[in-house]
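**Student:** Here is what each chain is made of, one letter per residue.
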Amino acid sequence: MDLLRFITAGSVDDGKSTLIGRLLYDTKNILADQMEAIERASKTRNAGEIDLALLTDGLRSEREQGITIDVAYKYFQTPNRKFISIDAPGHIQYTRNMVTGASNADLAIILVDARHGVVEQTRRHSLIASMLGIPHVIVAINKMDLVGNSEDAFLEIAKSYTELAEKLAIKDLTIIPVSALNGDNIVERSESMGWYTGETLLSVLETVNVLKDQNLDDGRFAVQYVIRPQTDELHDYRGYAGRVQSGSFKKGDLIKVLPSERESKIAKIEFGGNEIAEASVLQSVTILLEDDIDISRGDTIVSINNSPIVSQDIEALVCWMDDKKTLKPGNKYVLQHGTARSRCSIRGIEYQIDINSYEKLDEVESLKLNDVARIVLRTAQPIAYDPYQQNRANGAAILIDETSNVTVGACMIA
Amino acid sequence: MSISVNEASDIQREISERSAPDYLDQLEAEAIYIMREVAGQFERPALLFSGGKDSITLVHLAKKAFAPGKIPFPLVHVDTGHNFIEAIEYRDELAEQINAKLIVRYVEDTIKAKGLKEQTGKNASRNWLQTFTLLDTIEEFEFDACIGGARRDEEKARAKERIFSFRDEFGQWDPKRQRPELWNLFNGRIQKGENVRVFPISNWTELDVWAYLKRENITLPSIYFAHERELILRDGKLLNNTPVIESDPEDQIVTRQVRFRTVGDMTCTAAVESSAITLDEVIAEITVSRISERGETRIDDQQTEAAMEDRKKGGYF
Numbered sequence: 001m002d003l004l005r006f007i008t009a010g011s012v013d014d015g016k017s018t019l020i021g022r023l024l025y026d027t028k029n030i031l032a033d034q035m036e037a038i039e040r041a042s043k044t045r046n047a048g049e050i051d052l053a054l055l056t057d058g059l060r061s062e063r064e065q066g067i068t069i070d071v072a073y074k075y076f077q078t079p080n081r082k083f084i085s086i087d088a089p090g091h092i093q094y095t096r097n098m099v100t101g102a103s104n105a106d107l108a109i110i111l112v113d114a115r116h117g118v119v120e121q122t123r124r125h126s127l128i129a130s131m132l133g134i135p136h137v138i139v140a141i142n143k144m145d146l147v148g149n150s151e152d153a154f155l156e157i158a159k160s161y162t163e164l165a166e167k168l169a170i171k172d173l174t175i176i177p178v179s180a181l182n183g184d185n186i187v188e189r190s191e192s193m194g195w196y197t198g199e200t201l202l203s204v205l206e207t208v209n210v211l212k213d214q215n216l217d218d219g220r221f222a223v224q225y226v227i228r229p230q231t232d233e234l235h236d237y238r239g240y241a242g243r244v245q246s247g248s249f250k251k252g253d254l255i256k257v258l259p260s261e262r263e264s265k266i267a268k269i270e271f272g273g274n275e276i277a278e279a280s281v282l283q284s285v286t287i288l289l290e291d292d293i294d295i296s297r298g299d300t301i302v303s304i305n306n307s308p309i310v311s312q313d314i315e316a317l318v319c320w321m322d323d324k325k326t327l328k329p330g331n332k333y334v335l336q337h338g339t340a341r342s343r344c345s346i347r348g349i350e351y352q353i354d355i356n357s358y359e360k361l362d363e364v365e366s367l368k369l370n371d372v373a374r375i376v377l378r379t380a381q382p383i384a385y386d387p388y389q390q391n392r393a394n395g396a397a398i399l400i401d402e403t404s405n406v407t408v409g410a411c412m413i414a
Numbered sequence: 001m002s003i004s005v006n007e008a009s010d011i012q013r014e015i016s017e018r019s020a021p022d023y024l025d026q027l028e029a030e031a032i033y034i035m036r037e038v039a040g041q042f043e044r045p046a047l048l049f050s051g052g053k054d055s056i057t058l059v060h061l062a063k064k065a066f067a068p069g070k071i072p073f074p075l076v077h078v079d080t081g082h083n084f085i086e087a088i089e090y091r092d093e094l095a096e097q098i099n100a101k102l103i104v105r106y107v108e109d110t111i112k113a114k115g116l117k118e119q120t121g122k123n124a125s126r127n128w129l130q131t132f133t134l135l136d137t138i139e140e141f142e143f144d145a146c147i148g149g150a151r152r153d154e155e156k157a158r159a160k161e162r163i164f165s166f167r168d169e170f171g172q173w174d175p176k177r178q179r180p181e182l183w184n185l186f187n188g189r190i191q192k193g194e195n196v197r198v199f200p201i202s203n204w205t206e207l208d209v210w211a212y213l214k215r216e217n218i219t220l221p222s223i224y225f226a227h228e229r230e231l232i233l234r235d236g237k238l239l240n241n242t243p244v245i246e247s248d249p250e251d252q253i254v255t256r257q258v259r260f261r262t263v264g265d266m267t268c269t270a271a272v273e274s275s276a277i278t279l280d281e282v283i284a285e286i287t288v289s290r291i292s293e294r295g296e297t298r299i300d301d302q303q304t305e306a307a308m309e310d311r312k313k314g315g316y317f
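So the sequence lines, in the order shown, correspond to chains A and B. Residue 139 in our numbering is what sits at position 139 of the first sequence, and the numbering runs on without skipping anything. Residue 285 in our numbering is what sits at position 285 of the second sequence, and the numbering runs on without skipping anything.
Mixed in with the good hints, there may be bad ones.
[Claimed, not checked] Simulated crosslink set (DSS-like; lysine-lysine; CA at most 30 Å straight-line): (1) B:K214 with A:K250; (2) B:K63 with A:K268; (3) B:K63 with A:K250; (4) A:K324 with B:K176; (5) A:K250 with B:K70; (6) A:K332 with A:K360; (7) A:K360 with A:K159; (8) A:K325 with B:K192; (9) A:K256 with A:K212; (10) B:K70 with A:K256; (11) A:K159 with A:K212; (12) B:K176 with A:K368; (13) B:K214 with A:K268; (14) B:K63 with B:K214; (15) B:K237 with B:K122; (16) B:K70 with A:K268; (17) B:K70 with A:K265; (18) A:K332 with B:K192; (19) A:K251 with B:K70; (20) B:K176 with A:K332; (21) A:K265 with B:K63; (22) A:K368 with A:K325.
No wet-lab data here; the hints were simulated from the structure. From a predicted model like this one, the values you see are computed outputs, not experimental measurements.
From just these sequences and the hints, can you work out the full model?
**Tutor:** Rendered as structure tokens:
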């Protein structure tokens, strides 16, 4: 059984929390005491019926305001798969939270209110999903019960969404009419929408192939830590601890270390102190090389005939996340890419992207919270990267403010 | 007690047989990655160890992460003085077996040194007071990162916390000002005096932990398995009958066959009736249980709707 991470995005009141609550409830993932707590809370708020949205609202401040202010995670499973649901808030000023949640998602569920159709926030959420390279998108057209479960209403929204999706690089799109409140087409097929013959939401979640989404070709391994026991029996042991970001490695493979360009051969791959034959994408292993070369945290081991780009000059899409300071050309930050950190300076803002109209805005002088732009930057040390859309793991980077140490930008390297 | 790592040949077979990676392998690889980020990014990390199953899992993951080397950080235990003896014995044996440095600091000492006021009465607990000892210990050893076994499925406030959770110089968590956590790029940069709490098994569920303990053949303290015990029956919950819990005539003293589902401070950890004496039986019982782990056994979370949120803002684990 494998694991699927998905994010849900929608505008305020699109019924996102209700949808997750419904998924948990209909897959019997809500336990008796949690249900009782919700029943109690529903009563005290005079909600009348049991409010499934209360399952995902976490912090007291959120419950008081009735909104989700931060990314929340829920865990559930069916006989076929385990799921991590990432709940990203729909509130307008929290775009950065959706970017954060989307960065680790295999799939995005974008909620659209059937009464309102594709709105500004739908466009925004879709752009973020596409920009973050989420391979699968489900558009759940919710509250179908409030438009009389009408097929025409569904087709009209589906058509306008498909037009939108064509402008974006969404690889795998499914559009489903649902009612989270009534449970229609979530886990159970809807009786009120007999005209819909496609899959239910859960059935897509259970069957979507995520193994294929991984980059299985380009061998990349960022060194996190050097294991040197320096005991009598392991006197000369030098193991490079890290996680295979993409591709795979096996004993005897010729490799190159970047940015130094030194070459060697894999002597051994270990896991938990035992030798293993091969390490593939996402495995955390230890690599031993035949030659005694100088490697430390921040270096990348790559397959010899398949090199990433090594450069100090980088272009990237950035989502700016700081609510206090703006990004301006000339500003300096720490760029964290893989396990490497390097100081960098912003050379320029090529253009900003209006995340609602998708228009490019030229001559932008600075970026504020939630702005998305293409920027040019120069790093103090060379970075060994792949373009983000080809390799999510080796094309992602964050910007850190040097004085506050806060993560201020999410970069998708071009 | 023995903690064994699968034979290499078993792992190889697993890898070649699987098409999609198994979820336990995925969770394990993620946790090991996080452990190594801690070792790579911080100068003085520590692993907070309680003798409970989650921190036992952490130690096992740390062993795997740094094998054949030693775990590059000490184990730290904040002892309330109200812990189960079985958990304490296990802690000491484990530390010795893996040759780890074990640091124990006592809530009792903090109470005396600082003149802290303890809760009194029948539901008194030192749970909150642990925070003072924890923060003092962090200061004493200048720990810049503390690895803990919290899981997001445990509790609502935890579901919102980052894997690298920044704490200010007072150890406080501010849920509204958390650092964005993107991809697997963990930002552990801090100023002196601040620290980061790191939760490598954030994405594991209770059942994942049990399934992993079984798969890895990890021994647990005996209190996790069914045994006869004298207990206080209070408000439907079974508490260990010990002098550290004040009882009154309304409490019933009973003898039952029980196991503990979590192993916290005795004053706020309840037992569940059980006949499960093996890991398989425990897993079977939990799988059919209709009550969540903390809901069934933790008295500390049930005081208010936001009990954990408030404790964390104050510097709790």
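**Student:** Indicate, hint by hint, whether the structure satisfies it.
**Tutor:** The hints, checked one at a time:
| no. | hint | result |
| --- | --- | --- |
| 1 | B:K214 with A:K250 | holds (29 Å) |
| 2 | B:K63 with A:K268 | holds (19 Å) |
| 3 | B:K63 with A:K250 | holds (23 Å) |
| 4 | A:K324 with B:K176 | holds (14 Å) |
| 5 | A:K250 with B:K70 | holds (25 Å) |
| 6 | A:K332 with A:K360 | holds (24 Å) |
| 7 | A:K360 with A:K159 | holds (25 Å) |
| 8 | A:K325 with B:K192 | holds (23 Å) |
| 9 | A:K256 with A:K212 | holds (26 Å) |
| 10 | B:K70 with A:K256 | holds (28 Å) |
| 11 | A:K159 with A:K212 | holds (28 Å) |
| 12 | B:K176 with A:K368 | holds (19 Å) |
| 13 | B:K214 with A:K268 | holds (28 Å) |
| 14 | B:K63 with B:K214 | holds (17 Å) |
| 15 | B:K237 with B:K122 | holds (13 Å) |
| 16 | B:K70 with A:K268 | holds (20 Å) |
| 17 | B:K70 with A:K265 | holds (26 Å) |
| 18 | A:K332 with B:K192 | holds (22 Å) |
| 19 | A:K251 with B:K70 | holds (24 Å) |
| 20 | B:K176 with A:K332 | holds (26 Å) |
| 21 | A:K265 with B:K63 | holds (26 Å) |
| 22 | A:K368 with A:K325 | holds (7 Å) |
Every hint from the earlier list agrees with this structure, and none is contradicted.
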